[in-house]
Amino acid sequence: MQGYLRIGETIAPLALSKGPRLADGRLVSLEADWLDIGGERWPIAYARDGDRLWVHLGGQIHELAWVDPVAFHEAAAAGGSNNIVAAPMPGVVVRLIASEGQDVAEGDPLLVIESMKLETTLRAPADGILALHVAAGQGFDRGAPLATITPKD
Amino acid sequence: MTDYPFGSVLVANRGEIAARILRTVKAEGLRALLVAHPVDGWTPAMALADETVMLEGDTPVAAFLDGAAIIAAAKAMGAGAIHPGYGFLSENAAFARAVEAAGIVWIGPAPETIDLMGDKISARRFVAERGFPVAPSVIEEDDPGNFAAHARAVGAPLLIKPSAGGGGKGMRIVRDLDTLEEEIATARSEGERYFGDGRLFIERYVENPRHIEVQVLGDGKGGALHLFERECSLQRRFQKIVEEAPSPALDETERQRICEAAAGIARACDYRGAGTVEFIYGGGGEFYFLEMNTRLQVEHPVTEMITGVDLVEQQLAIAAGNPLPVAQDGLMRAGHAIEVRIYAEDPAAGFTPTTGPVLRLVPPAGARFDAGLIEGERVHAAFDPMIAKLIVHGADRAAALAAMDGALARLTLLGVTTNINYLRRLLADPDVAAGRMHTGLIAEKAGLAAEPPPSTETIDALTALAALVIPDVGAALDAVPDRHAAMGRWRN
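Chains as they are written, first to last, in our numbering: chain A, 1 to 153; chain B, 1 to 492.
One or more hints might be untrue.
[Said to hold, decoys possible] Just a few of them, taken from the derived set where beta-carbon distance is under 8 Å, the chain B residues facing chain A:
| hint | residue |
| --- | --- |
| 1 | Ile121 |
| 2 | Ser122 |
| 3 | Ile139 |
| 4 | Leu159 |
| 5 | Ile184 |
| 6 | Ala464 |
| 7 | Val469 |
| 8 | Val473 |
Derived by calculation from the structure, the hints in this document are not laboratory data. Here a beta-carbon is modelled for each residue, glycine too, at the ideal position from N, C-alpha and C.
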């Protein structure tokens, strides 16, 4: 089958067949806290959170995400362009500098956030029309979309 | 067992330290009282407390800084004493005074001591005047017009500090004296922003310094003893993440000198209760007073592990008016202890805080694990991202490092990104393993922060698990026509 697994920063192609079997034919099964790969048993602990999987294996903690192959290739085709201003860390919006619907240029200051007592100014990643998704005083988690820039053409 | 003039202790704190203090409070036969904020959900401290009053505030942090509300809660529960933990109101002299004015025992030093040591300028002046070592420095308010000129005379490198500061906020290192005025202006505006106080002082910056601190206990009447040192040189953004005792840098003579200096400072200020005198230690064996923390420290467990002394029990006994329990020469230390702080943060993303649910939490057997939350709760952005501490003890430093590596490898904490994997890499670093540490080491070895790519073997195992437990993967496999599965058999 096609598809990808994101393991931390690593993207690993999924090569599996029914069984399930790994690409080399080894049969895999799970029994309580043990993962069995072709007769070899690994102690394992895991927990699912939506499309993410947390695994404790071999003394390391791994964060996995299933990457849909269609989505993966679409993102790659888009050239990684990103007009969403995502929160670099959890925090709170101190103040808005630009306003909703404003025509902004790349590098313009949009809003000020505070996290760990440090204030950071977030700037426009591209030219376009600004849409704000947060208000002053609002808290957010890491990765939350704070603003989107829509190109004018 | 100590005879206490109070029958209950309220812990005005949260997280791992609230639980840790309450354990000793209960062991001493006292009623365990707590204040908490709803955002924390159900916590280990709440499970231990005999009674909990919920606090309200504009923000969760504001709730724990609301001294009047905490004293009102203490009165409502009939608290005989208040233990402030660390952070929040623990070094707030006005709160200490208000607690005493309310007829409640304050478990901490006299408010005047908090005032004295809380201001970096008055603290270093006090310490220097009594003959203890401080770094060459310039205090702005001594001669504001010539502040920069006096600083230039001390010579580069320099460290600019806000007088009211703490936790590394607003500190600037100046190596090029041409930028001095500019850096002073930046430090002043940061000081004003973080602490509402733009006063500054500048001192000689010690390159590649170690952070060595000494635990002290004082009776409040001029009697004090030390419980040896801790080394906390492994820091990121001026925050400690690994602490150990004893320091691998000190020989017995140096240990004696630095520990005696700390006890001397505690005696000089009639220190009451548990405190910590922090020093900067240079490569040539020189050490300078940095500051005194007038409270229990996050890293106090390493001292407990090597001395066998329960520091919270000592705080309670001293607050009860008891004399110091032992003489200095009655204190022994054994072996080596290491603590690591488990943070909800992503080392690979510049150690930025993370949030998320704690889906699974299984502490490793054979180690002390002081945790602030339980499985099923969430790590949120409202408070400091430290969620637990892991502490081990070994016969020597190598044994303690090995024990810590094993404990970190067995610690299961799933659902939120933490620094657990990073801590294993950091402790395995050859310089750290050899004890060659300084406060800039983590920044210098920034490459350790990146998660190394998993081995083929690990990818195989994770892929197999994904096929078994991620429904999308399982469904995609099931959708594969039988022909595909059969093909495999034909090929065999």
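Okay, the hints, checked on the actual structure:
The interface hint given for Ile121(B) is broken, as the beta carbon of that residue sits about 22 Å from the closest beta carbon of chain A, more than 8 Å. Checking Ser122(B) against chain A by beta carbon gives a least distance of about 24 Å; that is not within 8 Å, so the hint is violated. The closest approach between the C-beta of Ile139(B) and any C-beta of chain A is roughly 25 Å, which is over the 8 Å cut-off, so the hint fails. The restraint placing Leu159(B) at the interface with chain A is violated, with a minimum CB-CB distance near 19 Å, outside the 8 Å limit.
At its closest, the beta carbon of Ile184(B) sits 20 Å from a beta carbon of chain A; the interface hint therefore is violated under the 8 Å criterion. At about 4 Å, the closest approach between the beta carbon of Ala464(B) and any beta carbon in chain A falls short of 8 Å, and the interface hint on this residue holds. Interface hint at Val469(B): satisfied, since its Cβ lies 6 Å from the closest Cβ of chain A, which is below the 8 Å cut-off. With 8 Å as the threshold, the beta carbon of Val473(B) comes within range of chain A, its nearest partner Cβ sitting at about 6 Å, so the hint holds.
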